[in-house]
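Visitor: Quick note, the sequences are listed as chains A and B, same order.
Each residue of the first sequence is one higher than the last, beginning at 1 in the working numbering.
Each residue of the second sequence is one higher than the last, beginning at 1001 in the working numbering.
In case anyone wonders, no lab produced these hints; they're calculated from the structure.
It should be emphasised that the depicted structure is a prediction, and the values quoted were computed from it without experimental measurement.
Where hints are given, some of them may not hold.
Restraint ranges, calculated between C-beta atoms of paired labels, are given here [what the hints assert, rightly or not]:
{"hint": "1", "chain 1": "A", "residue 1": "GLY611", "chain 2": "B", "residue 2": "ARG1123", "range": "27 to 33 Å"}
{"hint": "2", "chain 1": "A", "residue 1": "GLY736", "chain 2": "B", "residue 2": "ASN1429", "range": "49 to 55 Å"}
{"hint": "3", "chain 1": "B", "residue 1": "VAL1031", "chain 2": "A", "residue 2": "PRO513", "range": "52 to 58 Å"}
{"hint": "4", "chain 1": "A", "residue 1": "THR329", "chain 2": "B", "residue 2": "VAL1031", "range": "40 to 46 Å"}
{"hint": "5", "chain 1": "B", "residue 1": "ALA1330", "chain 2": "A", "residue 2": "SER844", "range": "41 to 47 Å"}
{"hint": "6", "chain 1": "A", "residue 1": "LYS848", "chain 2": "B", "residue 2": "ASP1389", "range": "42 to 48 Å"}
{"hint": "7", "chain 1": "A", "residue 1": "ALA142", "chain 2": "B", "residue 2": "VAL1031", "range": "27 to 33 Å"}
Each residue gets a CB set at the ideal place from its N, CA and C atoms; glycine is no exception.
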Amino acid sequence: VSRTRRLVRAVFFVVGLVGLPTTQAGAQEPGRIVGRVTAVESGAPIGEVQVYLPTTRLGALSRQNGTFIILQVPPGTHEVRAERIGLGAVSQQVTVAAGQAVEVNFRMGTQALGLDEIVVTGTAGAARRREVGNSVAQLEMADLPDRPVKVGDMLQGGIAGINVGAVGGQVGQGQRITLRGNSSVAMSNQPIIYIDGVRMQSQQYPAVTSPDNRGNRGPLITASPLNSINPNDIERIEVIKGSAATTLYGTEASAGVIQIFTKSGSVGAPVWMVETQQGMVKSRKFGPPAAPYMWLDPWLRRGYTHDYTASVRGGAESLRYFTSGSHATEEGILPLDEGVKWAARGNFTFAPTGQLQLQWNSAYVHDAIQTTPVGSAAEHLTLNAFRGAQNYFGNADPKVVSETLKWDMDTDIERFTTGGTISYAPITNLTNRLTIGYDFSEQLVNSLRPVGHFFWPLGALDVNSWQDRLLTFDGVTAYTFDINSSINSNFSLGGQAVGDEIRMVEGWGESFPGAVAPTLSSAARTQAFQDRQKVWNAGFFVQNIFGVRDRYFLTAGMRIDGNSAFGSGFGLQMYPKASASWVISDESFWGDGLGSLKLRAAYGKSGRAPGAFDAVRTWQGVGWNGEPAFAPRNVGNADLGPEVSAELELGFDGSFLNDRLSATFTYYNQTTSDALFRVLQIPSQGFLESQLLNVGTLKNKGSELTLDGALLQRESWGLDAGVNLSTNHSKVADLGGAPSFSLGSGGWVVEGQPAPVIRTRRITNPEAAEAPKIEAIYDWGPNSPTLIVAPSLSVRMPYGVLLATRGEYRGGHYMQVAVESGGVTRSAKVATCFPYYVDPLNTSVALKPDTPALWRARCTPSINSGDWYTYPADFFRLRSVSATIPMDFAVPSQVNRATLTLSLNESWTWYNSEWDYMDPEMQGNNGAHEQVVSPGYRVPVPISFRATLQMQF
Amino acid sequence: MRSPYRGSMTVRTMRSAAAILCAVACAGCDVTNPGPIQDEFLNDATSHAALVAGAGRGLLLGLNEIVYTGAVVSREVFPGGQTGNFGFDPLTQGGALIWDGSSVSGPWSKLQQARFIAEDAIRRFTGEVEVVKPVDLAQAYIWAGYINRVLGENMCEAVFNGGPAEPAARYLERAEEHLTKAATTATGDQRNAALAGRAQVRALRGNWAGASADAAGIPIGFNFMLGVDGLNFDTYNWVYWSIANSPYRSISLFRTWYKDYYTQSGDPRTPWAADTRFPVAGAAVSGFGPVPWSFPTKYKTQTDDWRLAGGTEMRLIEAEALLEQGQWQAAMTSMNAVRTRNVSATTRVALQPWVATSLTEAWTFLKRERSIELWLEGRHFGDLRRWEDRKTPGALDWPDFESTTPLFSANPRARCFPIPRNERETNPNIPDTPGS
């Protein structure tokens, strides 16, 4: 760590030097260019437009009112260019006289379809959107009016087909992300993530629990590396969701790819941005009427958040830079939840010649998180509070239960990502690109129950260091040439190697001398644990795009992969792809008034590798009474290979009504063959761990629709509405002879059913006032939503005020919410049963005679089971309501742009009428790593209010 | 038209890129990770002792569950109402062990794994390996013997290596075979352990002459202990840990015969205590509520070892063999030799011998003395089944739990651990559900 810190310091020392504003000396008095950028459609002003002189290092960003000023312009004739993603670039010639100002106004039109925009994710090198036969979703930071503070929040509902599920409301908690449902029931369904071409840690950090037996005791947060990225550093995010698009990423990409592009330097004088964000969070109600906060009221609080960010970007053609730094503090709704985050970034672009460009991006973040003990663990706050007098203290008094807070749970996360890309184009139609990147993550957990702890009078300390090192080599050569006057070819050849090494070292100590600050070294009894595993994946790919008259495009490609986790007898895996696109609106028969339309179709394969040790028959070294000992670990499977997903994608991208309506539609049909199942082994054969086998077949199909409409376009008023809609239906088509198996929390893998399906016993007479009648097996439905609808609406008002709101509905899925079951089986009086107890105030759990059968089952200890708590999990949540207010009038003229954004987030939720308690956006102890979504002993995502003031100068 | 220069440049660039990536790929995919050991390396001589130790550790993992679960079902303790960790589902609290319940798969799986390790070690040592230390081979036989004894004593049926269900007696046959081989190669305490184990097995199989013969060679002060490892939470003494208030208070001595017996006798073999700070156990029992908490103090730390066999049990085996022959007076002498070795914790004098006036009464005392001597050692559950099978005379000191809650009357005591769901669902030779 110290070496990393030294490196980081060096990087930012250099950044600081480069970032210093420079002055220019000129023989003549310079002039200046002033002007305004407005929309073609409405005449409304446009902010965030990069206006620059391509031949110099001069430029500026337009303010919210559309105005800009470029200073220090040498006298003479210049080309002035205006660019912003999503808008058609425009340029004008101007002549600047010495000491004079010249006015240049730009009118920019929306490019709803953006057929000539460049996308890079999923293509070898880069391609114009018109050439790509698969869907590529793009999210622009500038398009998000509510200033999200986490990247996960940016993605939530922002793209059709993405499912970003919160794990709970603790500080530091990450989200669970899936694209197009579950393509695996054994491996992670988390997409892999690239940042500026460098593979970064994609999985959430592990939930650390102390090794005290059967404990689940520890912070239980699964922070997401995505949330380490400062949203203000992000230019845009590209998402490709299925194998038809992810083929060129090979063995680890069947769950999709998210690529983040951070801001790079811009030509012109330094542009500084400073931002402060002040916020407040409070808990939503998540219990039944008898206990709206599940008895947690004495501990819940309002928490306050404070964020500060500064960045500078600028440079000349040959050297451009973007640097940023941020500091954030956060209080959660639970009494010990706090976070302090420091982050810094430096992005540099060197272009010594027109043919050669070097891009070097680096970022460092340190996130210190303090956590309240929550989760299903006997010594944690939530479990003891939820169970009342039947808790582990035998006492519901908040003063007694507060003993659980005498616990220091500190999580320190450090991340450092650096990567360099060399792009060399010796001739116009030949480009070579090589990226080398390194991504380092460390999570260090110190979990101390100090001397005097209720259950550990002599104290206990768990220290867990988890590190992930990712090394990326990625190279591609692309050569474009014309076969004849109407057909051109874009041939690409490349390779990629990614090494992933995870190291875990954990120390446990117990019984400390009370007078010293405990370390593991001062413990009377200690234990140590270690795990190390490295996996390399390497592959080559080749691709050719044939273009005919710039409107028909045919792409064919192949990737061949090797992976160190494959079985010794497996060999290499091949992933083919083919796609076609047709810009039908470029045809002569297409009427001018019909808008733009591209039809597309794609087919491709990609995979998901097994774990590092899954292929080999192994034993585990274990100690016993000071002597070495062995225990069986893994049966092994020499033929183990990746599960391979094949996907067919059909769809269109269109813009209509003079670009006032844009629509993107995609239908996909995925089949994962050789699906990896963790097949249970026969206990009497000695190996108790399940073994991965390539035996199954999973299917996923669905549709995605994105609609954006400009309903009203006036100079002062505008009304935009949009919706992202996606469906997903999965099915386990074949279990390969394996029996149905449980994934826990009611989730099962059953042939012919969704993956996973919620399967439990069921009460067949739920409403009858009689003894429960029980059906032994009942398949309720999928655990993943089958329908996600994310509508958004924005109103542009006079003076540039923008009101915006967005929400998200998820439905068609089921969850088991068995939190109350843990109390009932212990004869605790639980809040959901209060309407049915004869006397809610005494200790008896006797029920009223007219108690319906379902509630008899739920509230009677001897027949209680988690099975009786299965619910349809449909909900709609208002994700944000925001107002963006230009504040230029209130700041000095040196400030280019000032905006105040007020946002109320996660403020209102509609639940299915059967839903009794907790929240669908919660998870069990293993957080984002849980395969089955099932609300656990946590608190839900809080309601938050934020005020953000951003200034640019 | 393409320039030849440009074309060759392209080819050279592509070749270079391909060569670099090929080198990376070839070097990168050959990865050796530390940690797990590949199966073939266990034949190495340096691994033999660790493999044998693995069998002993496996027995410890399984015995932890057998002792703990068996104690609740055989009413050596009263359930504290805890479910989940260190707890039991309500049916098990009442006394039932059902094939798809949560209390049976753990003991089954862990003991099956222990058996596999021990018998796999024997297979390697007698087949694949040229040289093995006699002490390692003997110990492998001893662990295999004891593991099969525990399985035969507690399981309803036997299954070996994914095969079909067989009578539980097959475990005992294997146990006797292994222990006989151990006895032929072992010396000293290792041989005593083998013989004591075989005496237990022969008693379970009804071979009282053989059991007496083996028991006779074991001194009364001999104990064969299974080491409990205090450095690993999985291998703690579970009976202690379940009442250590860290944070579990999962079992109680409320309503048990042993609690009253200790109060009256001060017999140091059945001690208990209470903690005024915690008047009730960690949860509540269905239909009854919070359970008054008193707890056994036979095990005082999480590192207290389990006794697998001992000289006192051998005397009781001799006594039971005599009862089988109707020689109840001699049997009383033998069992009182065990009893009077103990000094009352309350009176500080040796315990008074039991005095019987009939064969039936002698059986009652034998059952009582055996349940006291082997209290919380994982034996009472098997003894109940054995005595029921053989329809032995004499009464049991069976406590009245039924009057506390219908949970106990609704769930008649199980006699053995059935083949659990996880074996049924994976083993093609076993029906998925009992009786199907």
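Visitor: Now, for every hint given, state plainly whether the structure supports it.
Guide: Going down the list of hints, with the structure as the test:
1. The supplied range of 27 to 33 Å is met by GLY611/A and ARG1123/B, whose beta-carbon atoms lie about 29 Å from each other.
2. Range check, GLY736/A to ASN1429/B: about 20 Å between beta-carbon atoms, so the 49 to 55 Å window is missed.
3. For the pair VAL1031/B and PRO513/A, the supplied restraint of 52 to 58 Å is violated, since their beta-carbon distance comes to about 44 Å.
4. A hinted range of 40 to 46 Å for the beta carbons of THR329/A and VAL1031/B is consistent with their spacing of about 41 Å.
5. At roughly 55 Å, the beta-carbon separation of ALA1330/B and SER844/A lies outside the given 41 to 47 Å, and the hint is violated.
6. In this structure the supplied range 42 to 48 Å holds for LYS848/A paired with ASP1389/B, their Cβ-Cβ distance being about 46 Å.
7. Between ALA142/A and VAL1031/B the C-beta distance comes to about 43 Å, which lies outside the given range of 27 to 33 Å.
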